Amino acid sequence: MKVSLRWLKEYVDIPWSVAEFAERLTLAGLEVTGVRPVGVPIPPGLRLKSEHPSPVWDEDKVVIAEVLEVRKHPDADRLHLVDLNYGSGTITVVTGATNLKPGDRGQKVVLARVGAVLIDGYSAERVLRPLKPARIRGVLSEGMVCSALELGIAEEHEGILLLDPDAPTGLPLAEYLGDIVLELDVLPSMARCLSMLGVAREVAALSGQQVRYPPTQVLFGPQDAAAQVQVTIADVSLCSRYAALILDSVQVAPSPAWLQLRLLLAGMRPINNLVDITNYVLLEWGQPLHAFDYDKLRDRAHGQTPHLFVRRARLGETLTTLDGQVRTLHPDHLVIADTAGPIALAGVMGGRETEVGPLTQKVLLESANFDAVSIRRTARHFDLPSEASLRFSRGVHPDLVEPAACRAAEWMRQLAQGTVARGLVDVYAARPADQQVSLSLAYIHRTIGYPIPREDILRILRSLEFTVTPSDQDTWLVTVPRHRLDVQHGPADLVEEIVRIYGYHRIPPTLPRDPLPDYQTPRDGHVEDRIRDILVTLGCQEVITYALTRAERERPLVGDGADYVRLLNPIHPDRSVLRRSVLCSVLEIAAQHLRETNRLRLFELGYVYLPRPGEKFPDERRHLALVLTGPRLPEFWDSAAQPPAQDFFDLKGVLEGLLEALHLGEAARGTAWTEWQPTSVSWLHPRRAAALVLRPSTSHGASKTLPPTNSPSAPIVFGYAGQLHPHLNDTYQLGRREVYVAELDLELLLPYLPERFACRAVSPFPPVRQDLAVLVDESTLAEHVRQEIVTAGQPLLREVHLFDVYRGPNIPSGKKSLAWSLTFQADDRTLTDKEVAKLYQKIVGRLEKHLGAQVRAP
Amino acid sequence: MELEQLRQQALAQLEQVHDEAALRSWNSQFLGKNGALTQALKRLAQLPPQDRPAYGQQVNALKEALLAALEHKKAELHQRELARSLAAEALDVTLPGRPVLRGRLHPATQVMRDILAIFAELGFQVYRSREVEDDLTNFELLNMPPHHPARDLWDTFHTTTPGVLLRTHTSPGQIHVMRQYCPRPIRVVLPGMCYRYEQITARSEIQFQQVEGLAIGESISLSDLIGTLSTFAKRFFGGERRIRIRNSYFPFTEPSIEVDVDCILCQGEVPGPSGSSGTAAAASSCTLCKGTGWLEILGAGMVHPVVLRHGGYDPERFQGFAFGMGPQRMAMLKYAIHDIRLFWSNARRFLEQF
Ligand SMILES: [Zn+2]
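Protein chains in written order, with my numbering: chain A, 1 to 858; chain B, 1 to 354.
Next comes chain B alone, as it looks inside the complex (with noise of 0.2 Å):
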């Protein structure tokens, strides 16, 4: 039986083989041309004629056991080399990643958009109209006659042309709608900036976004005011916000009201009884809502019948709504932030976090 030696020593040899090289010098003494294997294919001829088949057999069985055990050597060559390499490619996957290039929107015009996108869904068209207004506009036309005590309200900048000021609030851009589209229904919000002569602190600018709203028709009604504010303070704010509305006075609407959001911070929970021993204690420490429960949020009204008919809409017969409310405002309350100042100074620590 030396196929069967032929056979153990083969395999065992192939056992020892832990390389290409070794592995082609183990092909070439068993299965090359004058490989073993060949050699013993010779004998056959020296073989009785009737033992001739079964010999064959057991040769081309052999050389294809071989075969078999030389691709499973090859493969389990090619498995150790690959590992190998990989070990070598190692790197530390906690290292920071590339830097990209990152861009980012202003705050500002981030929480714009947001307010735009909502409005829009509603129905608003976005109008713009001038920044550079004049007193007819910004006061007179709105309800406010010069001396008018409500103009006490807007400290105003004015320029060195007489009546030409710089708008104190989108609300002139009604006007201009108004006029432009007359009588024609109008749903429409109005973004810009406005400018008051205050001191700039961290709760005042002298330069502020505003965004207007205003829809006119023959039916829009109060409480589609506050179906519109309701749903855009939910939107904008998240969650199943509350809204309170206040009575309140602007000149160019009537009814006016301010609308309250409850407080985003403390979700305008009551606070426990108060009143430590002997002192009136202080109700709540929410710093957001200074322990209120309400944040402000925007005034709004129905547009007073005088602005309708400067803008040429007859009162008997077209009613609307208008609203007004401060960007930065917003995305203060949103973002927890606490100085105005923070926007237009752009400091790149605070853009950097939106």
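Next up, chain A with everything else stripped away, as it sits in the complex (with noise of 0.2 Å):
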């Protein structure tokens, strides 16, 4: 909404400055976001950008003028001199204006004067230029007379700008039509002030006056209106409340200066002075009318009185709107109708053929109140935005038919010599019932946390015209104003009214004092974060992305057939279902480092959405994604010590310190250990693969939020890890590097988490460390061989580390070698050698029988 000041003062005083006005406009949620000064400068303090430059009028050289003589160039045919008063002298100045010619005179026009700044008129683009004397044609020009594009008031110019016979000749045009123009953004709920009139009631609550309202007598012909129209509201939901008024012998013509001038500054363009009253109206009240031709009514009645219907468009029915569009109509839209068919989209937009124009003589006026709901889906559908259609859509109160139509009507007899017949046709067919609500001063207070006192809460709801009775102690009944629709929720609706009046920055700021709450909400996402801090330690890089993607991307990871949460309204088929798999967005991520680096180790700990049969919303489950690839560490200058690439091991290091830093390790006691199990999946190596599987502890029980369906020992495999398939790195632009990967189910692992370990007492007596190199066949796990020598070890072995895998001389073919440290120590004595000695032997012995391993001389 373009509010101007200089037409805002007409109904209310602005006893602040600009900028301060803005600032209270502002905070009571009139949002002021932008100003548009008109001739004059941006007011000090006024802490907003205008979008275009303007020019300022100078007191001294934009001046009215008064022509004296227009005269023809002696030198060129479409240029006139022009003799002007300008009040203190005369002066004569060469114009090309068309709507100036020989004989003219009397007009009151605007006259700059060397030195004054305006808008370039010949430039494309809005530049300011100070105007220099010229020499036209052999004539000295030491001034001109401007256009409304030139002094910044219009985009475009027909012609200089006339203005009204009573401009005082000689008065500065900043005086005359100097202004600011702020623009608000008005909320949802503050629709009443889409209009003149409800901005001027928030100024006036704002600063304790009195709105003066604009009359609304109108001077009655001598005929009737009832005997020349007759109105039917069909549907009454959809309309409640459609009023016309008839006007006889109207003189269509453009409207006076002021009318146009005003309608421009709001952002419309001037057609014609029946138009322009209703824009003028719609301005002026929030209430849209509409102009119809009487006349070509009764032609389609063939001569009868016109009967209008507000109705539901029969299906396949067309109208051509005013924008010469054929409009298909629908039963959803409303339209207004005569016996032959359908004239207008109700609060949209006018049928082309009933439209007024410069042969019409006798007007039709409605002013009606049509359902928000309607007209918001008919002006979407149609995509035509409107003056009206935003305000019907917003909600406007019945009340204003009436009002807003007279007034249109004075005006129209005035401004277009119109005889108004008697009465309005008026059929209110749902008059809102008044709004009463029970206030309390205790509730205020409570809402509010603040004792506002009793008697800025009476004035300033009686400022903004809602009637207060007392109706008890300290409680009121409250009735609402009639030109609102937004108290609907009783109190709360008024508690708002009264604290964004009252000020907000007057509401001293406290922290709650209530209890607090005696429960705790589930600590998952502290697990998260220890997740992702253990990573970073890790040294991997954080990454968020998209959980939209193109499900074909993802099939090479979930397999086919999966399905999917899918969009109805995707905005890019790339974005089009929620994915199932974190893995590859981290990829296509990776894909884009590896543009620019050939080293990375990413990690994302996000959602996949898994659709349920049968279920309305998906299992929205968090996984974790790796990638690694390339060299362990950036490059170093030092040639000697150049990193190694990344490998399977760097992988399984990177899950094993999460694992174990979570105490889910191998060596967990707690409620679970992992174990990494050779496995084979379709988008991993098939010799570089493994599943992670989780084996929950027999012994120490689970944790209480342990899905019931999991039997307590039955293992999990909760993700895999390995290199990337090669057949994927095209797919995934990953050329033709070795990529490792690894996506878990956080969701099965989380459960498991121990709450609480006990920590093992530190023992005072010394560790004995011995070496064991064992042969074992090729084929044999590792794992396997580490299970064997804690079992055996137990319970003084302590520790279980490999420091060497050795094929080669002196190993057989076939065969591998396994060097483990092993650490034994006892809580309460110092081992013998002989103690040692004895669980050596057994390890040892259990490692030939059970894997057939030998034991290599030390």
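Don't take every hint at face value.
What the hints assert, rightly or not - Taking lysine-lysine pairs in the DSSO-like style, the calculated list, with each CA pair at most 27 Å apart, reads:
(1) A:Lys2 <-> B:Lys334
(2) A:Lys49 <-> B:Lys334
(3) B:Lys290 <-> A:Lys49
Unchecked claim - Which residues of chain B face chain A? A partial, calculated answer using Cβ under 10 Å:
(4) Thr38
(5) Leu95
(6) Pro96
(7) Pro99
(8) His148
(9) Pro162
(10) Gln180
(11) Glu218
(12) Ile245
(13) Asn247
(14) Pro255
Said to hold, decoys possible - Taking CB as the label site, the calculated pair distances span:
(15) B:Gln267 <-> A:Pro726: 38 to 44 Å
(16) B:Leu82 <-> A:His784: 51 to 57 Å
(17) A:Glu747 <-> B:Gln199: 31 to 37 Å
(18) A:Pro522 <-> B:Asp92: 50 to 56 Å
The hints are simulated quantities; they were obtained by calculation from the structure and are not laboratory data. This one's a predicted model, so the numbers in the text were calculated from it and none came from an experiment. Yeah, the Cβ is synthetic: ideal placement off N, Cα and C, and Gly gets one too.
Join the two chains, each given in its own frame, into one complex according to the hints.
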């Protein structure tokens, strides 16, 4: 809503500077988002930028002048010489304006003299230029008559600006027309402020004044309107009120300059006096109006009295709207129709056939109220946002129908010399009940948390035109004024009115003193944070990616035929389903990073969305994905120490580090531990793939949050890790490098996170380290060997560490040597050599027996 | 006085010693088994008995003096040797350090943590709710019945399941929390990803995080809301930040407010007088606040009675506040990030700065 302050001051005084005014409106909910100075500087302190550079009209150099005579230019056909009286003198200027011709006299125009800064009317861009003396075809011109464009009032110009005849000659234009236009962002709850009067009411409430309402009396002619039109509302749910006024013998002409300028500053284009008046009243009252050519309605009724119907369109009916488009209608659309068919899209746009034009003599003025939802849908369906549909779709009180119609009729009588037929043909089908709200001082104070004084509360409500009557001790019955539809939920709505006018800045801040909840929400987020922190300490970079993807991209990772949460209205095919794989998203980022670098170590902890048969909502599960490739560390200048490439064991190292830090590692003694098992999945290198298996501990029992379907000891595969299958490198644009990846379903893992664990005592007795190298078959898994060692070494074997894997000379083919470092320690004594030797032998015996291992001489 | 001669000779020769080998030979020449000092002591027997004690003392004194000189020389040689080897170990300390494995959190995670940590101190626990929601919870229960004009504020991604959509804000979480904990008091923050049907530009994304806050009790008031948000703004943006509260509109709060913080770049300073010759010039040129001096950071309000009722709370007895903010926007303000697309693009040069 563009608000001219000069216009606004007709209804209410503004007792503040423009800057303070803008701030007060903004804080009260009418946010001032832009300013347009008209011929004056931006007011000091106003912290807004103007969209366009605007000229400031110099008091001495831009003044109102009267045309004394227009003469032909001696040497140019298209130019005229204009003699002007500008109050303190006369001047002759050259002009090419088409709306001044030889013989004209008495017009009021705007004279700019040399030095005045104006918009260059001949430049395609909006540039400001000081006016210089010019010799035009031999005639010296030390000034010019200005167009609305040159003055910065309009975006286009048709000749020079002609002011109204009563414009005082010699008055600086800035004094006569200078203005500030504020752009207001009107909230849905403040639709009443899509009008000058609505804004004026806010100003009055904020400044404690009264609004000066414009007159709404009409001087009626002798004829009766009721005899000239009949109105039927067929669907009361979509039209609560429809009123028509008839004006005869109107003269269609351009509006006076003041009216045209007001429309221009409000962002509307002047058309003719009839249309301009409907727009003017729409801006003043917020009530959309429409003017029909009455004679055309009568023609359509074959000379009979026109009968208007407000009804739903019939399927397939058409209407040619004002913009010349043929609209095919549907019963969802509300139309104004007569006996011959639709004549207007109700509240959205009029029809072309019954439009008023230069030849119109008789007018039917519509002032009506239409259902907000219906108008909103129709305007959207036809993509026809208009000033009328904007207001109807936000809600207009039907009581405004009458004053707006009368105001417009009286203007039409005065400015278009019409005769108004007596009476409003008014069908008020559904008058909304008066809203009454019971409001107590205690409620207000409790909600705001600060005792706004009783007198302030009453003053604010009354200044907003609420009727307040005491009903009990500090309780009032408040009646909502008949221009508002937004008070629907009782006292809470009124508290907002009170506090926004009183001023939020006057409420002293406090912190809640209410008791804190006695419960704990699930602390899942802390686990996510721990996982992220651990991975960061392990050198991984976190990424966060789109949850929306394209199913085909994921297919190699999730398989064919996977079910997806699909969007009905995707913005792009690449973002059309909710992902099932986090790894796929991270691979996309990896490919992007690999264009700039050859090493990366990325992870994402995010959601996947798995549809569940027969259920409304998908299973939203947290997954963890890792992608590693390239050198372990960035390049270093010491060429002898270049880092090796990351391989499977870097990936495994990271995951082991993570699981150990979560107390779910192989050495965990809590609720569960993890194992790595060779596996085969389609998207991993067939010989470099592992399943991560969680083995819930039978002895320690599971935590209370375990899913009931899992028997406590059944192993759970919670993820896969390995080298990405080389045939997928091209699919994911990763080049010819080994890329190591993992994806873990954290929802399977997290229930087993021990909430606490018992810290083992630190033995004061010395540990004994012994090395053990064994020859085993190439096919024997290191993990099996380790498990046998651990089992045999209980309870004094404290650490088992594989420090060498060796194949080559001295090792029979088909065999490998695994060298382990074993640490024995007791909590209560120093171990003797004999004890250690005995344990060592026990371990060796078990390895020989179970795995056919041979001990290599140390 | 041959002892005095011996002493001068020994010390003079010691002066000439510059390495360990020379020192060893000096040692045997003067202090060794057949050295000069031993020879001098042998002469004791040839002296008259009354002179022997004095002579013996003189020889011993000389021996101690030479031993001390020897030790001193040894230390001197050792120092010199050390200095020589240290010089050989010289390196260029301006060479770059050896790289270590360095991981980083995504900036969105860092900012989210900052936000949640501040609210944790104020007693707000974290509550999570689902991203795939239904129309009922995302709109209707939040006081936006079908065709409510305010629905236009949220352009929505719908799924192919009728009535199921991607949440457009974290506010449906309010309903879940209330229904879970009613009638107990509530003090939670709800972080999470939200989705909107929008063109992706430097300023708008189809996916973004939000943090919703909800406090419900018997006397949680508007002044508590103002105090909570003011505390938050100061802790998050630092310094003596001022906040400004504007009346606003959200269907699920009443009254509704928006909160601005004074510009962290230009400090909200009032620009000087404007308007150079003949033009109505622009006010100020701060790129962050566009000259307004204020940065919009969040929306909030008192929970609408309709929403309280939908959550199971009796508005006659309970009241509360809710607020919502966008961590991406907060990060953009705090770190002068000019393009929201940088977050999910995960551009390396972007991530590496955090
Ligand atoms: Zn700024």
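Hint-by-hint comparison with the structure:
| no. | hint | verdict |
| --- | --- | --- |
| 1 | A:Lys2 <-> B:Lys334 | violated (33 Å) |
| 2 | A:Lys49 <-> B:Lys334 | holds (23 Å) |
| 3 | B:Lys290 <-> A:Lys49 | holds (8 Å) |
| 4 | Thr38 | violated (51 Å) |
| 5 | Leu95 | holds (6 Å) |
| 6 | Pro96 | holds (6 Å) |
| 7 | Pro99 | holds (4 Å) |
| 8 | His148 | holds (9 Å) |
| 9 | Pro162 | holds (9 Å) |
| 10 | Gln180 | holds (9 Å) |
| 11 | Glu218 | holds (7 Å) |
| 12 | Ile245 | holds (4 Å) |
| 13 | Asn247 | holds (3 Å) |
| 14 | Pro255 | holds (3 Å) |
| 15 | B:Gln267 <-> A:Pro726: 38 to 44 Å | violated (57 Å) |
| 16 | B:Leu82 <-> A:His784: 51 to 57 Å | holds (54 Å) |
| 17 | A:Glu747 <-> B:Gln199: 31 to 37 Å | holds (34 Å) |
| 18 | A:Pro522 <-> B:Asp92: 50 to 56 Å | holds (55 Å) |
Violated hints for the displayed structure, listed by number in ascending order: 1, 4, 15.
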